[in-house]
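If you're matching them up, the sequences are chains A and B in order.
First residue of the first sequence: 1, per the working numbering; consecutive thereafter.
First residue of the second sequence: 1001, per the working numbering; consecutive thereafter.
It is possible that some hints are incorrect.
Stated by the list, open to error - Here are the simulated DMTMM-like pairs of lysine to aspartate or glutamate, each with C-alpha atoms no more than 25 Å apart in a straight line:
(1) B/K1474 x B/D1307
(2) A/K200 x B/E1381
(3) A/K200 x B/D1362
(4) A/K218 x B/E1344
(5) A/K124 x B/E1381
Said to hold, decoys possible - Taking beta-carbon pairs under 8 Å as the criterion, some of the chain B residues facing chain A (in silico):
(6) T1022
(7) T1338
(8) G1345
(9) S1368
(10) V1369
I should point out that these hints are in silico values taken from the structure, not numbers from a laboratory.
Computed from a predicted model, the values in this text were never measured in an experiment.
For each residue, glycine too, the CB sits at the ideal point set by N, CA and C.
What follows is each chain in one-letter form.
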Amino acid sequence: MADDRSLGSSSVGRLVSAAGVYGIAALFLAVGALLQATGIIRGFLTIQNMLNIVDAAALVGIVAVGMAFVTYSGHFADMSVPTTMGFTGYVCIELLRYGFIPAVIVALAIGLLIGLMNGFVVGKLKANPIIWTLAVNYVTMGVIRLIWVNKQIYPDMRGSGQKAVELFDNIYRLRFFNLIGLPVVMLLVLVVAGQFVMTKTSFGVKLKLTGSSLRAAKFSGISVERVITTAFVLTALTATIAGLAVTSLSRVGAWYNGAGYDFKAVTAIVIGGMTLAGGRGSILGVLGGSLIIGLLNNVLTLLGVGTFSQDMIRGAIFIVVVGINAKSLRSLGRDDA
Amino acid sequence: MEEREIGLALEMKRVSKRFPGTIAVDDVSFEVYAGEVHALVGENGAGKSTLMKMLAGSFDDYTGQICINGKEVKLHSPTQAKKYGIGMIYQELSLARPISIIENLLAGRLPRKGPLLDKARARSQAKGLLAHVGLDLDPELPIEDISQHEAQLVEIAKVLGNGPCILVMDEPTSALSREEVERLFQIIVQLKNRGIAVVYISHHLPEIFRIADRVTVMRDGKKIATKPIGEVTREEIVQMMVGRSVKEFYKRDERKIGETRLKVSGLSRFGFFHDVSFEARRGETLGICGLSGAGRSELAKVLAGLDRADEGRIELDGAEVRSGTMADALSRGIAYLTEDRKHEGLALRLTVGENIMAPIVDRLSSGSVFSKAKGAPLAAELIGELDIYPPDPERTVGNLSGGNQQKVLLAKWLASKPKVLILDEPTRGVDIGAKMTIHSSIEKLAREGCTVLLISSDLPELVGLSDRVMIMRKGHFTREMGFGECSEESLLLAANGALGAEGGA
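Looking at chain B on its own, in the form it has when it is part of the complex (with noise of 0.2 Å):
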């Protein structure tokens, strides 16, 4: 009881876990406060999510000591984490999508008058948990019919719902907008003054640093540190996460600028983009910046012969594209990667290297023979370039960390050899490490003359890597700005509206 005094919440004393081959957590010890954030951090692998799988109660074979609240406790079934007061909020939402709010908020605890449902109540207590979360949504709502942010938030409220003492969150915010991070942050400091322990896990430092009271940063299954958020510097957390000291993030080279490539005029989609035009040259890479639901992805489709233009026009060098299939963009040179990497991007039960020659099976067979052995070489050459974990090209996807499975999706593209490539999100919850990858490969595509067009609610990235921004508000192109002027600032100012130029492109 001892501990219970200086308010410990959670200990995990020297717990390892093993997986065949590897140790996952090796020989590490955490704690947390009550009433403390404590933001855990490290690259993917580094067993973060191990670690907080353990807890969860996933796995009955851990050594080590787990106490919660100075007791210690057997977490061998993810019942008995969840009587222990363990709440876990996953990057992936566990929701059932045909099924109401109400239903999945109260799922196993529906209130009831007898032998049938208490609708009214059930109703009120959704509503109550909603509100906790800041959601104000008819309860009867199926989750299909909501939006991605607010399932997320609908998710946490779910899990507030069992009244954890220990909340566990995975990248809470990397399906949420500004405004809902904000609110998200504003809730979590709520759950902290009722103290609350809740252990933050993000790649996004700068989160980290307004939310978090310590951090632990963990690399190769071991704990590197762990200190108050007060004493460490951003550029200090990544070289332990990344184990090496990380020069300037941003490196520009020269550039050589060609002729203009793609030419968009007066493209339209009704309900999603209008008028959209803009000229993308040889070489260049033009960000495209706004919020989420400004259109972006939506142009990307429509660009990459998913999806049809209402009106407008598209060419390349000099010519009018009108692709109906993604087939047909693609025989022209206009590759599109997209944003949902698990659903669309990737085969996830395949190989690497069949992944990598999706885009191009046509291309390595002759007649209508595929020829695996054509494809080999520029498998190993793109997994080579991507440094992608482990070098294997015959490694099912699924079973590579998510950093690797991006690059795999880059390589994919990489591997059709594009004229234009888009790029929806290229690195969104990926670690340090793949994203410093995958930036100096869109770079160096760039300087082989490659125009990329890149979609990012990742401002540094934008700004790092960005020739030139065109800023996307609610369906319209609002604003341009230069490599000089735009700043991770500015560009939030103009993606939000605050910087006048409205309506003109």
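One chain only, chain A, in its complex shape (with noise of 0.2 Å):
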């Protein structure tokens, strides 16, 4: 397995936990079939079941692999995913008419514009990236509600509109085999992509040396502003397309289409490993943190949890994985940030 410290001298200990990470996925796993063999819940261990686990895993997933980059250049986190993925999905509703393919472009366009924004912003004019996402989050919001007057759209699907309203279905229903769903497709694909774009491409030692010292980056001659507007620009696609997602799922554009998916990408990507200091950490560790994520809501849901209490358990495990995380870099010597 490649890991983002290959170059690192402790390339063994991050295997472990990147490793470990699955472990905690396993033993979640276990849990469940453990309340189902007791009789606590019911319905665990079925195929539909782990497929939900799947489909849900691969949403938080998407968003959470191009959130990593943010994370790994250090810029903690973009607080904007949730209008992001909110907008492009009405956007696209909205232009199904003109077709499905000119539809999408338009939404990636707009998910490109938001990215390459906030990574001017941040990355070029040094704003508070947590601040200024959250800024772009509400006008976002606002927007929305001014163009759409506060209503939920759907479909066209009047003449040619059928076809592209029905491609545009399939995005969240497509299944190859009848099993597996285009998103956890998509959510691999990205995976193997992030991971090779991370360790082995010059775009990812820069990202790297830009997350664990910005400065030392800058005078190493790396135009960090690049590196960290790229970042933005690769999580907003990642944004765009689970936006693009759940709106399928949905087949309605609404304001709180993507409400939660920061904090749940936010939440993947520390469990997975991912330092919040940045230059630390690797998208398969993600990856497993999407699916502690999807397995965990899934586990809460069948025990008739609600959605209120469920985000309260997921703010108290993202407070415990950051406080443990930050005691094992002191412990170890290494937190200078």
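With the hints as a guide, bring both chains together as one complex.
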């Protein structure tokens, strides 16, 4: 297995911790099975339920793989993801009447623009990434409500729109061998590509330097602004892809389509072993983190735990993981963040 | 109480401290009298810092005995150490940057009037502490608004405020200008007269001969000797430190100086330097001498593309360079080694190999695929050439000693194979061994035809390495000295503006 510290002295340790994420995922699986065996929950170990888990993990995972680049660059997270997802979903549905391909291309272009803007403001103008992207999230929300006057929108099924809508529906519903959904396939493709980009390309090496020490990277002649911008663009593009998938699932353009994906993605990222300080972690770990988020949601839902309580539990897990991470770094004497 | 009569303030008896895999301090006995300035010297990694950390209460598992004023004490926490009157002044400042001098100086003992802060009294107390170190600053300024050397003096004032009986100073002069060093020495003499025991750690041997009463040399975790300062020479100390004799420090080879490589005319950055013109040739080492604040680093940053010039022209091999960015300057072959190793120079969390390859990521990539394997032989070669210890490219840089970190920083720029290498304080704060390695590497680079611009406050270094030295004073080039005419004294006088020829370059 490739890992992000292949240049580092602790590559063995890293490998163990990346494997650890999957260990935890296996543990969740075992807990679910145990709960079913003791009759506390029902329907956990069915093929349908496993597919549900993977599908949910895929949506979180797609966002997380992109956002991991921002985290790895030392800029924590992109909080504009929820409305990027919502906005691009609206745009795509609105434009389906002009055909499927143009609608998707325009949606991706808007995602790209949001990413470029975030990257420019954070990378070049040095805005605080959390505050800036949070502000963008609110502004975009306002734009959505302004344009669509607080309404959810449905695809226009008339005339040639019919075909486009069918294609759009398939983004979420297309299943290979009647099992593996298109989002899962997209996630796997993104994971492989992301892992490659992060560890094997010159951009990945520069990203690691930037995330580890922004000033040292700058004083090594690296265009850190460009690196940071690329990271935000990748996040916005994967958020757009996830936004289209979520919109395809619900068949409706709605402002709440991306709600909660910001925090779910960050949680998946830190559970996957990527530190908020930047420069450490791997995309394979993030995949594991996303699986854990999917499993957790599923088990909690089957247990009858409500959405709000689930948010609370996810929040608590996030705090614990970040705490453990910081503590273990300090004991290694590496906490120079 | 017997010891008290002979005035031993500190007595460390056969102390040792192990780290996994190494013995950092090995059976060392170390004594300091009250009212004595005791210099502690040794190369980086010799165990000086660990010995002093022991005294600061950083370890709870050292072995051996520590007595303070004749009484045996256990120093297992920084609070205990402070209670027994041990004050530490570190090379790296411990001040909180965004808050005021008052709050830094009086942290934990701010005077109160009922539940409120007694601001007037805090002000006057802070003023008093600052006056001790000869500073006349508004104590309400935040630390980040004062200069680094003022901050260093504030740090000293803060530690003195705790009323220590033993004061440890670790490289206290590395950020200070010459006048400030003099001021610090006066303060040390005052402390000495008040009966305070001062442990003075420095790589700068002339300082030790100025200020110390006795000197203890450490090497590889062991104490080599303690001697009254009058009974040793500089050469003997160096020999004890490195464990071999140091022959000629600066051996000058024949140099072949070629055609003009870098031509700078009328270069200005308003507020920092003005109308600077010079030429530097292939294979030439051009020293740039000046006091801190003379505009040396600012000039270097403009040449390296990190800042823009307001006026003037830079030519490399006859073609004008308009570098907007460092990446651009680097691609043309102008490299800049920063004076701030820890923040600007190295990514401390990454490995030696990753740091060395940082400036050449693009060159090691085909298309956009990076090949670490392509850079590995170069990294290994540089690690060997600069004698970086441990010789392992996979080691995290932050865990290396200061001298070895500095070598990694140089290796990084050697890897970029520059045409012009600008060195900003390339050996500040490193031990003699590392310094010699770095110097011979600079000489080799010049022999191979690289143009070296050497900015340094270390006058012997400037004199020893440069073919010519330009004197920079208050943002202007004031004078040039050839190899024959420059000496430590003449440079110092010129940098201070005492040697005529003001204004003309």
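Status of each hint after checking the structure:
no. : hint              : verdict
1   : B/K1474 x B/D1307 : holds, 19 Å
2   : A/K200 x B/E1381  : holds, 23 Å
3   : A/K200 x B/D1362  : holds, 12 Å
4   : A/K218 x B/E1344  : holds, 8 Å
5   : A/K124 x B/E1381  : violated, 36 Å
6   : T1022             : violated, 15 Å
7   : T1338             : holds, 5 Å
8   : G1345             : holds, 6 Å
9   : S1368             : holds, 5 Å
10  : V1369             : holds, 6 Å
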